[in-house]
Amino acid sequence: MNEISFRNVVLPLGDRLYRLALRITLNKAEAEDVVQDTLLRVWERRGEWEQIANPEAFATTVCRNLALDAVKRAGRNATSLDKVDNGQWSAANGQLQVASGQSEMESREQLSLLRRLMDGLPEAQRTIMLLRDIEGKTYKEIAAAMGISETQVKVYLHRARTKIKEQIWTTNI
Amino acid sequence: MDYKYIEQLLERYWECQTTLEEEAILRAFFRQEDVPASLLPYRQLFAEEDKMADEHLSEDFNERLLARIGETLPAAGQPEGGFFKAHRLTLVRRLSPFYRAAAVIAIMLTIGNAAFQSMSGEADNAPQVAATLPSDSLQHPAIGGPEHQSAALAPQPADTLAK
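Respectively, the protein sequence lines represent chains A and B. The numbering of the first sequence is the numbering used here, which starts it at 1 and goes up by one. The numbering of the second sequence is the numbering used here, which starts it at 174 and goes up by one.
Calculated directly from the structure, the hints in this document are not laboratory data. Just so we're clear, the structure is a prediction, and the values are computed from it rather than from any experiment. Don't take every hint at face value.
Covered stretches of chain B, as calculated for chain A (at least 3 residues, CB under 8 Å) [as the list claims (entries may be wrong)]:
hint	region
1	179-190
2	234-243
3	281-287
In the DSS-like style, the derived pairs of lysine-lysine whose C-alpha atoms are separated by at most 25 Å in a straight line are [stated by the list, open to error]:
hint	chain 1	residue 1	chain 2	residue 2
4	B	K177	A	K28
5	A	K140	A	K154
6	A	K165	A	K154
7	A	K140	B	K177
8	B	K177	A	K72
9	A	K163	A	K140
10	B	K224	A	K154
11	B	K177	A	K163
12	A	K28	A	K72
13	A	K165	B	K177
The C-beta atom is built at its ideal place from N, Cα and C for all residues, glycine as well.
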């Protein structure tokens, strides 16, 4: 991150980081807090910017970790969503069990069935779907941001897409 | 209308074999109004993803963040100040490209001039040598006979050189 400008390089990443945090926390206020903490962390490490080759990948990794921490702190870890993924889909009846607060549940009921299906995917699959399908990242960039191999990225993405495809047909959305 | 291409793309999409460009084609296709009934079930997936792409931070987010850092955003139209890295350029540093260009031109001119002088020097010497030769040696080439050769190669009398 040579000659980085916080305003010109880091701040514009805010919306992307927000979407990532939102896909993990599934809560808008919490996602904003995560993005703020992420950018503050980047700012606090300004002395090391010279050594950071890719600011976006760095910020994405920090943001993802903070979002996962936030989910854990709130007592509704990402695995509660993953359980839904493991054969416990009941979305066809509109009863997707997401361990979250009552108000969040109410607002989630207003979401489309497909959206709830997507939110019910395991965190890694949700995140990879976001980075690929919404942010338009290459497999290489996703692998770098998540600290996994490109092959693993493709495996997760394939699982996510296959699940969505199956659900589209079985629930006849 | 034939949707084979889209169907093929879609199949490759599910298998994660599409490029980002091909995925953009699919997205553009499903944004259209006229999507055939056989492909209609997939439209909502792309529509949902479009909605997700349209999620943004609240408008005052940057200001709140910068306030926490201890800075404020510059007024609209004003250059950014604050904590981003700025390099003050001295006049010498600002003009350094011109100095470099001038130095290169000077070197090229020197080399060019030296080359030109050495070449023109050789050219100038040739007539001088010819001028030292007697006029009859030019009229009688060496192939004319051994006596002519020896005459041409023999030292010239002082009065010939004086010419």
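To see whether the hints hold, each was checked on the structure:
As drawn, the region 179-190 of chain B meets chain A at 4 residues by the rule of a beta-carbon pair under 8 Å; at three or more, the given contact holds. Judged by the Cβ-Cβ criterion of 8 Å, the region 234-243 of chain B is covered by chain A as claimed, because 6 of its residues qualify and three suffice. Counting residues of the region 281-287 of chain B whose beta-carbon sits less than 8 Å from any beta-carbon of chain A gives 0, not enough to reach three: the coverage restraint is violated. For the hint linking K177 of chain B to K28 of chain A, the alpha-carbon distance of about 40 Å lies beyond 25 Å, and the restraint is violated.
This hinted pair checks out: K140 of chain A and K154 of chain A have alpha carbons roughly 10 Å apart, not beyond 25 Å. Taking the CA atoms of K165 of chain A and K154 of chain A, the gap is about 16 Å. The hint holds against a cut of 25 Å. Distance hint between K140 of chain A and K177 of chain B is unfulfilled; the C-alpha atoms sit about 30 Å from each other, more than 25 Å. Note on K177 of chain B and K72 of chain A: the hinted pairing is violated, with a Cα-Cα distance of about 46 Å set against a maximum of 25 Å.
Pair hint K163 of chain A plus K140 of chain A holds up; C-alpha atoms about 23 Å apart against a cutoff of 25 Å. About 24 Å separates the Cα atoms of K224 of chain B and K154 of chain A, which keeps this hinted pair within 25 Å; it holds. Using a Cα cut-off of 25 Å, the hinted pair K177 of chain B and K163 of chain A holds, with the two alpha carbons roughly 23 Å apart. Restraint check for K28 of chain A and K72 of chain A: satisfied, since their Cα atoms lie roughly 16 Å apart, inside the 25 Å limit.
Straight-line distance between C-alpha atoms of K165 of chain A and K177 of chain B comes to about 18 Å, which keeps the hinted pair within the 25 Å bound.
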